[in-house]
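**Q** Sequence:
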Amino acid sequence: MAGGRRGPGRQPANRPVPIASAQTARNSPQSATLRQRNGPNVVGNNPLMTTTLITITPIRHLDIPSLPADGNLFFESMMFFYLLMALFIQYINIYKTVWWLPVPPSNTALNFYLINPFLVIFITVVLSRRLIWSLVRDVSFQGNVMSVSVCLMQMVKFILVIGFIFLAGYSLWKLFCNNSPLNILFLAYPLVSYFLLYGLTFDTSTPIFQLQSTLKSMEDDYNKVGSHDLNRMIPMHKCTHSPSDTRREADLLKVDFNMRIKNVLFNSMVCAYYVGFVPICFLQSSIYLDLWWSCQHIAFVWINSFIMFSSHFLPHKYCDVLHRCALHLGCWQKIDHGYSNTPQHVWSDLTVWPQGVLVRYQKALYKAVGQQNVAQPSDSSYARFYFMFSQPLRVLNIMVTLQIFVVLYQLYLLARYSYWNYVISISLLLFSNYYVLFKLLRDRFVLGKAYAIDDPDK
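Everything in the sequence shown is counted per the working numbering, starting at 1 for the first residue and increasing by one.
FYI, nobody ran anything at the bench for these hints, they're computed from the structure.
Here are the computed lysine-lysine pairs in the DSSO-like style, where the Cα-Cα straight-line distance is at most 27 angstroms:
#  : residue 1 : residue 2
1  : 238       : 367
2  : 254       : 317
3  : 449       : 238
4  : 317       : 262
5  : 449       : 439
6  : 238       : 254
7  : 174       : 157
8  : 367       : 254
9  : 254       : 334
10 : 96        : 174
11 : 439       : 317
12 : 317       : 238
13 : 449       : 317
14 : 363       : 334
15 : 262       : 439
16 : 238       : 262
17 : 367       : 334
Restraint ranges, calculated between C-beta atoms of paired labels, are given here:
#  : residue 1 : residue 2 : range
18 : 156       : 419       : 39 to 47 angstroms
19 : 430       : 67        : 20 to 28 angstroms
20 : 334       : 451       : 27 to 35 angstroms
All residues carry an ideal CB built from backbone N, CA and C; glycine is no exception.
Can you build the whole structure from these sequences, using the hints too?
**A** So this is what it looks like as structure tokens:
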């Protein structure tokens with residue numbers, strides 16, 4: 001009847017899908033629910049809303065043990081001595097002699113007179129840049145600014161920096177006077193790459209969280225592993241029921257992780273370039289070069305440097321923060337066919353979606369993969385973030401696998417070849433690789449036991 005009272009069986013007007021809002025989640029910390037009501041919205045013949053109550057299982061994070069980690073100054077010192085050893089090995093591969101013959105052309109194991117001392121000085125100065133910067137930045141005395149110890153320390157730092165600049169400039173000038181401009185351009189290539197990647201910045205170890213942070217709740221929640229150790233600044237994860245805050249945290253962590261990986265790749269490339277490639281560029285044309293072995297040594301230095309920098313820039317506590325954020329972020333899998341009779345929903349950026357739910361987003365069908373899902377279905381960067389860090393040990397497993405492969409291959413080379421320079425180079429590299437492998441396996445076994453505990457109350 002016109003103007004009469006509507007019957008109770010009449011369908012309401014079109015409404016969007018009700019969501020499990022942040023306020024609902026805060027009122028129920030143990031579990032969040034996604035309520036769905038009947039409505040007329042359909043996609044084709046597929047209903048978009050049904051009368052069900054879906055429970056979202058809360059995410060529980062495990063407390064991982066604190067493992068010993070190298071301080072920044074110790075790591076830089078160890079890295080510097082490793083690179084000096086690798087540089088010494090490369091010069092052995094290039095300037096070796098046949099000193100064991102009855103009438104040898106040289107009485108020494110190396111042709112020292114062919115080695116350019118200014119090139120060695122310049123390479124050593126370049127390799128020590130991170131150590132010098134760590135000494136200047138990290139070493140300090142607690143006390144009055146005008147005290148004798150503080151003034152003496154500042155004077156030592158000033159002399160160290162001036163000596164570093166003087167040695168670099170003097171050796172570079174000598175190289176420029178005695179070599180072709182092409183060789184000088186080889187020395188400047190990493191510097192050009194540096195400015196292309198970082199611009200006019202000098203401290204690339206500062207993480208993105210120190211540069212910018214839009215989450216007010218995370219501004220004061222970063223702890224340092226070592227004193228003034230900006231390389232290992234670790235953000236603290238905040239468990240929130242707000243989907244927008246979770247996505248914002250994931251965006252910041254993605255930028256920070258990409259910055260760290262860029263630092264790892266650039267520093268490992270610089271190490272392999274100056275240790276392995278630059279000595280070959282300045283090689284005299286009359287000297288025979290074992291090209292395969294020298295190039296293999298460059299690959300070893302690059303892989304070992306990559307693993308060492310990765311273990312330093314990506315400690316286990318940092319990977320655990322990424323893992324916790326990935327659990328709250330979730331992931332979506334695009335579905336093509338086979339779900340015509342399954343209830344479907346319209347995706348909303350304010351909803352915490354449970355596992356297994358089907359949603360419609362931009363004319364495509366997606367299925368929730370994670371335990372909780374707040375990621376944007378069409379954003380592939382969120383999918384990569386979830387794939388990389390949904391398993392807490394994935395990054396560590398990659399480093400362990402790569403390091404084991406390198407060690408086994410070097411053992412194979414040591415068993416196959418008997419040339420004296422091969423034996424010395426492989427033995428010295430194995431000496432350093434054993435230490436790195438020990439630390440990685442220790443972290444892997446301890447963290448594997450910790451993450452194997454599904455319920456911390458058991």
